[in-house]
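Colleague: Residue numbers (our numbering), protein chains in the order written: chain A, 1 to 329; chain B, 330 to 954; chain C, 955 to 1514; chain D, 1515 to 1822.
Hints were generated in silico from the structure; no laboratory data involved.
Honestly, I wouldn't trust all of these hints.
As the list claims (entries may be wrong) - Just a sample of chain D residues kept apart from chain C, beta carbon distances all over 12 Å, derived:
id, residue
1, Arg-1557
2, Gly-1594
3, Arg-1616
4, Ala-1627
5, Glu-1644
6, Thr-1646
7, Ile-1647
8, Ala-1664
9, Thr-1705
10, Asn-1708
11, Thr-1713
12, Ser-1735
13, Tyr-1774
14, Ile-1782
15, Leu-1786
16, Leu-1795
Stated by the list, open to error - If you only want the chain D side, here are some residues facing chain C, beta carbon under 7 Å, derived:
id, residue
17, Asn-1603
18, Ala-1778
19, Gln-1779
20, Gly-1780
21, Gln-1783
22, Gln-1784
Heads up, the beta-carbon is just placed ideally off N, CA and C, and yes, glycines get one too.
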Amino acid sequence: MRYFLRKIGFFVGTLWAVVTLNFLIPRLQPGDPAELMVRRLQGKDSQLDAAQVEAMRSMLGAPDGSLWTQYWAYLADLLRGDFGVSYTYYPFSVAEVIGQAIWWTVGLVLVTQVISFVVGIVLGAYAAWRRNSKLDTVITLGSTFLGTLQPFWIALVLLYVFGYTLGWFPTSGGYSASIPGLNMFFVEEVLSHSTLPAVALLIVTPIGWILGMRNTMIMNLGEDYIRLAKAKGLPDRTVALRYAARNALLPSVTGFALALGSVLGGTILVETVFDYPGLGRLMGEAVQNKDYPLLQTLMLLTTTGVLIANLVADLLYGVLDPRARRAEG
Amino acid sequence: MARPTEGTALLEVRNLEVRYEPKASRSMTAVQDVSFDIKPGEFVGLIGESGSGKTTLATALLRLLEKPGRISNGTITFDGTDITHLDQDELREIRWRDLSTVFQSSMNSLNPVVRIEPQFRDAIEQHSDLRGDDVSARVRELFDMVFIDHRFITAFPHELSGGMKQRVNLALALALDPKLVLLDEPTTGLDVVVQHSILQNVRKLQEEKGFAVLFISHDIGTVLDLSDRILVMYAGRIVESQTAQELLREPLHPYTKGLLGSYGDPRAETVRITYIPGRPPDLSLVSEGCSFAPRCPEKIDRCLTDYPELLPIESGEVACHVAALHRLGGADGVELPERTRRFVGPEFVKTADESAQARERDIVLTVDNVTKVFEKRRGLKVDRTVAVADTSFVLRKGAVTALVGQSGSGKSTLARMITGIDSPTEGRIVFHAPDGDQEVSSYRGRALRNYRSHVQMVFQDPYSALNPTKRLGQILERPLINYQGLKGDALRAHVEELLGTVALTPADRFVNRYAYELSGGQRQRVVIARALAVLPEVIVADEPISSLDVSIRAEILELLNDLVQDHDVGILYITHDLLSARMLADDVIVLNEGRVVEQGPALQVIRDPQDDYTRTLLDAVPNPF
Amino acid sequence: MRISRRMSHTTSLLVGGLALSLVATGCAGSAQDQEGEAADGMIAQLTFPAEVDATVGGLGNYNPYSPTPLTAVWLYEPLIVRNNLTCEETPWLATGATWDGGDKLTLDIREGVTWSDGEDFTAEDVAFTMNLQKDFPGMDKAGLWNDTFGAPAKSVTADGNQVVIEFEGNAAAKYDGIISTKILPEHVYSQVEDPTTYVDKEPVGTGPFEVASYNGRRLTLARRDDYWQAEKIKVEKIVQEGIFDSSQAALKLENGEIDAYYGDIPNPEKTLVEKDPKNNHYFYSPAGTTVLTGNLTQEPWNDPKFREAISYGMDKESMSDKGIYGIMAPASQTGLKLPAMEDLLPEQYAGADTVLPYDPDKAAEMLDAAGYEEGADGKRTMPDGSPLSVDFSVQAGFIDYEAIAEVIADNLNDLGVDTKVTASAPESVDEQKKTGDFNAVLEYLHGGCELARNLGSKLNSKQFPTEQDIFPNVGRYSDPATDEAIQGLSGATDREEQKPYLGELVDVMMTEFPVTALIYAPSRTIYRTENAEGWPTEDNAYASGADDRLLVMTNLTPPS
Amino acid sequence: MTTTPNDFMAEGDPGQAQSLEQVGGSTTPDRWWQVVWSSKKARVGLVVLALYVLMAVFAPLIAPHDPLDGGFTPLLQPSGEHWLGTNTNGRDIASQLIYGSRVSLLVGLFGGALATAIALVVGMVSGYTEGTIVDDVLSFVTNVALVIPALPLIITLVAYSDTRGVWLIVGIIALTSWAGAARSKRAQIITLRNRDFVTSAKFSGEGSARIIFSEIMPNMSSLVVAGFVGAATGAVGAEAGLAVLGLGDTRSVSWGTMLYQADAQGAIQQGLLTWIFAPGLALAILITAMSLINFGVDLLSNPHLRED
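Here chain A stands alone, though its shape is the one from the complex:
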C-alpha cells in the first residue's frame, strides 16, 4: 500500500511541479501576447498601433489579478478540463486546436518511431551477432554519422533535393487538395506529404536503438545462458533470437515507451520546416506567439505523456520481464 501511495504521490507531485512550471515559465518571459499578436498581424518590425493592441487585449482578455490568483484560477480550470482559449487561434479553444493537430503528430511520430525502432533493433541485433564484421562496422559507424546530423539540416537538404530539385514529394502541409476522410485520394496525399518529414525524422532516430541494442545484446551474448544455449547445440538463429535478442530487447522496449512519450516535443523543427500540421508546429507557434494557454497545454500534454510513458514502461517491464513481476508483487 505504501509502495503504491508513494508511487502515486510521486506521479501527482511531479505532475503538480510540471503544471506549476508550465504556468510560471511562460509568465516569466517578457512580452505581451496582445502586442505579439498585433505585431504578428502587422509584421515583425512594425510600430505597434496602440488602438489595435488595446482592442486585442480586450479581446483576448489579458490576464488579470496577481500571479497568485491567476495560478489558482489556472489550477481550477485545469481540474475542470478547461485549457482555455488559444491566443493564436482565437476564438477556438486550446482543446479544439490540439484536437485538430494531435492526430497528425501521433501518426507521424508513431509511424517513424515504430519504423526506426524496428530498424534499429534489427540492425543493432544483427551488428551485435556479427560483431566486428564489416557489416557491424558499417552499421555502427554509418548510424553514428547519420545520427549526428542536425534534423533541421537534413530537412532542408531533403526539401531541396527531393521536394524541389527532383520534385518527388510535396514539400509542405499534411495534404493539399483532397477532402479529409476515408478516401483513397486523401490517404495518398497524406502518405506522400508525410514522406519527407518522416524520412527527416527517420534518418536521425534509429541510431539510439541500434547502438543501445547492439551494446545490450553484446553484453547478453556473454551471459551464461547464451553459452549454455550454444552448448545445447541449438541453431544460431534460435540462440540469436530466442535467447540473446529476446533478453536484449527488454531495456529497448521500455526505452521505446519513454521515447514515444517524449518525442512529441522533438518534432518542432521538422514540422515547422515542412509546414506539417502537427503538434510540433503548434508548439513552435505557441512559443513564438506567447500563446500561454496553448503552450501550457502542449507542455502539459508532453510532460503527462512522458509521465504516463514512464508508468507504462514500468508496467511493460513487468509484463516483459518475468523477474520484475514478482518484485513488484
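Add chains B, C and D to chain A, keeping to what the hints say.
Modeller: Quick look at chains B, C and D alone, frame taken from chain A:
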C-alpha cells in the same frame, strides 16, 4: 588405475594448449600441454585453485572458447571424433546429445525470460524425435530424477531457489542421456547443506545411468568424496592424476599434499591444518622450471630450471621431480627431501586447552534476548520475516565466539545489529564500554562513530572490502586519522607497524600498492590490519575465509587467532563451516532460521551435537578422512 | 521473419488508425479544385500562401474581427482604401468622407452594392458595424470609441446613404482607422451573440470573392459576378494554401507554385529574378524608416550634438547592402518616405539633401567640436573625460537589424566611439523599450499616412512607453513646442492644414536628431507575371503591394 | 540511447572478476584511458577531436581572414582568396568555419563539464541517501527535470535572458541536460554504497561527504567520463540547435549561427552551398568524433564490448 589405453576412452585430450591473445594486453597460456582421458562411465574430478585454468580447460573441451582465447595446440577427441577444429554445424550434432554441461554460477544459465519447459523442449526437439506431449513427459521424468516438484516445470527461472535452479540445470544436462557431462563447479555459491545433497544426487544418477562425468571444483574434499579418479591442475597444467583412494592415501605432488593439508578433522583434540604460502604464478610471464617451485617446501635445484614432465608413477601420473626421483630413482647425488604424505609447510594448530582458558575472560558485549523482525509491505499484505528470534550470548575479550549456520539463518542480521547498522526489534545488545554499559541501538551520529572504534568488521570478500582506487597506505591511514588524530611521521610509522602486524613486510613495499596487486590472502590481511588500526575490543568477522582459496585459508585463521592472543580482541566469527569454527572459536553457537539451536564450547558441540541441524551441518563438511 | 511480419501488421494498423482519426477532422470544403480554362481576358487562377501564419485543420473562421481569419482581404471590405505608399484615397464602400471640423465625420455610402447572399448593402450596415465596436471593444481596431489618438466617438448614425460619426472632441487622427473599418452585414451579425468569439463559417461579404471551398488546408475563393466593381476583377479563382518560410517560399516561387509572396526572401534579385527575369519580379516599397533610437535620458544620447555628429558617421549604403541586399535606399532624416511623400516636404528642405551622406571625417570633426575627444587608445571620451560608450540592443533573429547593427558598431568604433552590440530576444528588447532600460535600439518609424500618429507620436512626450505598452516615443524625446505642433497636426483634417505643423516636426528631426533615420523599411511584394500583370512596380508605384492587396487586385490583368 | 541498465556496472564487478580469473589474478587492471584508447573507433575519434582542438587553438594562424570582417564582396564563390566563398554579409566563410570550432568546443567542454558536475552532485548525494527525505527531494527534482520537455524549456529560458552569450548557452544547456546522468549515477551509487569498502569506510570513521566523494566517486570514473563525453556531445549539438532556432549568440561566430544565417539568408536559393554544407558537415564530423570516443568510453562500463 593404469594409464588409460588408447581406443577405449570416451574423451581423449592430447597436449592441449589454450592461449589468450588480447590485442591490448599481454597474451598468456592458460592451459598448457594437458593430456588426459575419460572412459565411458568414469567420474573424473578436476581440482585446482582459482586461476589454475580449469574453467578455461572446460570451455575449450566444450569448444565454447571465445576470442581472444583459442586452442593453440593439441587435440580433443570425443567418442572417436576429433572435435578440436570441427565447425559449429558439425559440433551441433554432438552437443547435448553426447556432451552436456552444467556451468559454474549456473544461477544465470537459464534464460530468465523464458519458462523452464521450453528451455528443455528446444534442446530435446533439436536433438531427438520427441515432440509435443512426449517432451513434456520426458521433462517430468527428468524433474523426478532431481527431486523437483512438477509445478516448477512451467515456472520462470527466478521463481526457483538457487538449489532448485542447479537441480534443473542438472536435469537439463541429462535430458538426452549424454555420454559425458561436464560439471564446472556446479554448486559454487550454494549453501553447504544444499551442495551436499545435490552432489550426492549427481553421483547416484551417474552410477544409475552410467554416463561419464568431468567434475571441476576447487574443493578437494568434495572431489575426493565423489570421484573415481582425480586430476590436479596447477598453473595451467595437470600436475597429478590418481584414483581418489590412492590420492588420499599417498598424494604425490606437494601441491596436492598442500590441498589435503588444509583439511583437518574438527573432532580431534588438536587440529592441525596447513597452508600453502605465496601465490600462483602469473601465466602471462614465461617462467622457467616448475611453476609450483616458489611455493614448494620440497623443491630441489632442478625444480627451478626444468619443468617436470607428467610421468606415470605407481598407479597414477605426477609432474614433480622430487616425487619421480623418490619413486623411480635416478637421484644420483641429488639431495632429496624426506618422502612424506604431508605438506611440510606453515601450519595452524588449535588445541582444546586454549579454548578453555579463553572462556573465562571478561565479557565485552552481551546479546540479550534479541529478536529482529523485518516487515515488508506488498500491496495490502505485510510479510513478516523473523530473521533472529530471542537470541542471547556474550562476547569476551580475547575469545572467539563462532556463529554457525546456513545462509538465511540470521547470522548476518546479528552482525549488523552488533555493529550498530540495524537495531533489534526486541531485546538489547549491551556494550560494556570502559565508561559504563551502553545499549548499542542507542548510538547515533558521533556516538555511533565512536562505538565503531571499539567494534570493527572483517568482511567476507576482501576483493570488495578494499577500495580499488586507493593505495593501501591511504586505506590504513583513514581510521588512524579519524579516531586517533595521527599526522605526519607518526601516522606513517603507525601504518607500517600495522602492515607488520599482519605480516605484510617489508611495509614500505606495500604502502603504495593497490589492492588488485595483492593476492586474496594478502588483501584479507589488509582488511584485518584496518580493523586493528583503532585497537578495537571486538571484531566481527563475517565469513572471512570463505571466498579464499582452500590452500590459504589457514593462513588467515592463524592471523586472526594471533590477534586474539596478542591484542586481547574478542572476535565474533561468522561462518557456515564447522571445521573453521572449530579451528578458531572457543564457543560455538549454531543458528537455524533465526534461532539458536545449540550453544557451547566448540569441541563439545562438534563432538557431541545435540541438535539434528548441527548434525546436518557436520555431515555437509566434506571429510575425506 | 517474426519481426517483419509483426511490423507490417502494425504499420497497416497505424495507417488505418491514422486515416480513421482523420475522418473526425474532416469538415468544410466540398469541391475538388480543377484548373479551369479562363474566359477571354480573364485569369483562371492565382495561388497565394495562406494569409494567416497559423491554421489548423478544419478550424476555419472568416470573422474579420477574429485575430486570424482565413482571409482578411477578399471577403469583407473597408470604406475607403488609402494606399500605404502614396496616401492617395480610392473610394470603396464609401464614395467620400467629409470632416466637419475635427469632431464630425460624414461618410457617403456607395449604393448598388450587394452582399454575397444577395441582400443589399446599406449605410445601416456601416453604422451597425461601428456601433458593434462600441459594445465589443475587442473589435475596435480603429480606437473609435476610446481616446487613443483623438477624442472618442459619441454616436454613429445612419441617415439615408450617409453615416454620421460625431466625436466628443477633435478626432481627425482616427481617420485612417475609420475608413479601413471592415463592414459587416447587419442581417448576419445582429444574430450573433458575441462577434469577437463568433466563428464565421459561411461568410457574407461585399468583397470581390466568395468562399468556394476549404478543406482544412486549401482555401479556394471564387470570383463574384455580382461584385459591385466586377468589371475590374479579372481573377476567376484564388487559391491560398500553406505557410512558408523564406526558403520554402523562394522555391515555390521559383517553381511557379505561387504567384506572389509578401514575406522576406533574402536577395530576391539573385534568388529569383536572375533565374527567370521575365516572370519573377519584386517590388519593395518603403513602408517606413528603420531608425536608430538612443535613450535620450542617458549619456551620450542626451546631447543633440553627439546625435548629429554620428548621423554623418554611419554608412547607410552599407547597411542597405548588408541588411537588405541594397534594395532599400538610405532614408531621409526628415522621417518622411521620399520620394513618395515629397509634396509634404517643407520648402526649406530639398528631398535629396535630407538624406545625410556618410562622411566620417565630418562626424569626427563634429565630435571633436562637441568635446568628445579622442584619447591615446583611439577611444573618445565624454566632454567631462568620463568614458564614452554605446551599448546597442538588437533583436536577436531580426537578420536585417543584426546586419545593420554590425555596420553601425563598426562605423562608430571606427570613429572612436566604443560601441557594443547585444543581441537579445525581441521580447526582451520590447521590455527594454517599456522600462527605458536601454542605451540604444534599432526600431521602426512607421511611414503611414496619418503623420500625427506616426512621425508625430515618435516625438510626442505623451507617447512615452509605459510598463504596459510600447508607445512610439521610445527615445523619450520631450519638447513642449513639438507637442503642440503634433496636437495641431492631429487636429487638422486636410493636408494643407497639416503642412505647417508637419514642417515643425521635420525641423525637429533635421536639427535635434531625436532619432537617426537609416534606411527605408520595405513592404515586400515578390510576384510572378506568368499568370497576371499589373502589379505595382518601381515605375508604376500606385500602391504598396502587400498592404493594399484589394487595390492591387483591381489592377491585375492577364499577361499580354 | 547508449545507456543501458548495465552501464551502471562499476569496475570490479563480476564481469571483471571473471576476466581476472582468466588472466591469472595479478595483472594491473587497465586504466580507463588505456581502455578507451584500445578501441579503434575511439582512437579515430580522439585524433579527429585533437585536430579540431588544434584548429580552434590556432584559428588566428590558420584562418585567412578575420571572421567578422564584412569588408569583402558579398556572395563570392569559392576561390583561392576565399576558400569557401563569402556570405551575404561579405564575410569569409572559411574563416568563420575555422573560428566557429572555438564556440562548439567551448560549449562542449564547459557545458559537458557543468552538466556532469550537477549530475554528479545531485546523483551521488541522492543515491547515497537513498530512502531518506534528501533523496526524495533530489529524486523528485531530477524526475521533474527529466520529464519537462527540454526544447521549449531551453527556448523559454534563452528568451527570458537579456543577453545571449556563450556562457548563457553553456549554463542553460547544463541546466537542462543533467537529469538523465544524475539518475544513472544515483542508480550506480546505490549499487556501490552497499559494497563492503563503503561499510568499512564507515567503520574507519569517515563522514558522508568523504565517503561519497572520496571513496565512491573515484570508482565511478568510467561513468563520469562517459557522462561527460555524452553531455559534451549533447551540448555541442544543443548549441547548434539553439543557434539554428535563432537563439544563439548572433555576434559570435559558431557553426550553429552560420547555419542559421545561411538558412535565413537563403544560402541554398542563392547557390551558396558551401555556406550551409560546410558548417553542417563540420558539426556532424565533430559530433561523430565525440560519439566514436563514446564507443571507447562504453568499454569502461561494459567490458563485454571490448574488442579482443
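Colleague: Quick one: which hint numbers does this structure break? Sort them smallest to largest.
Modeller: 13, 14 and 15
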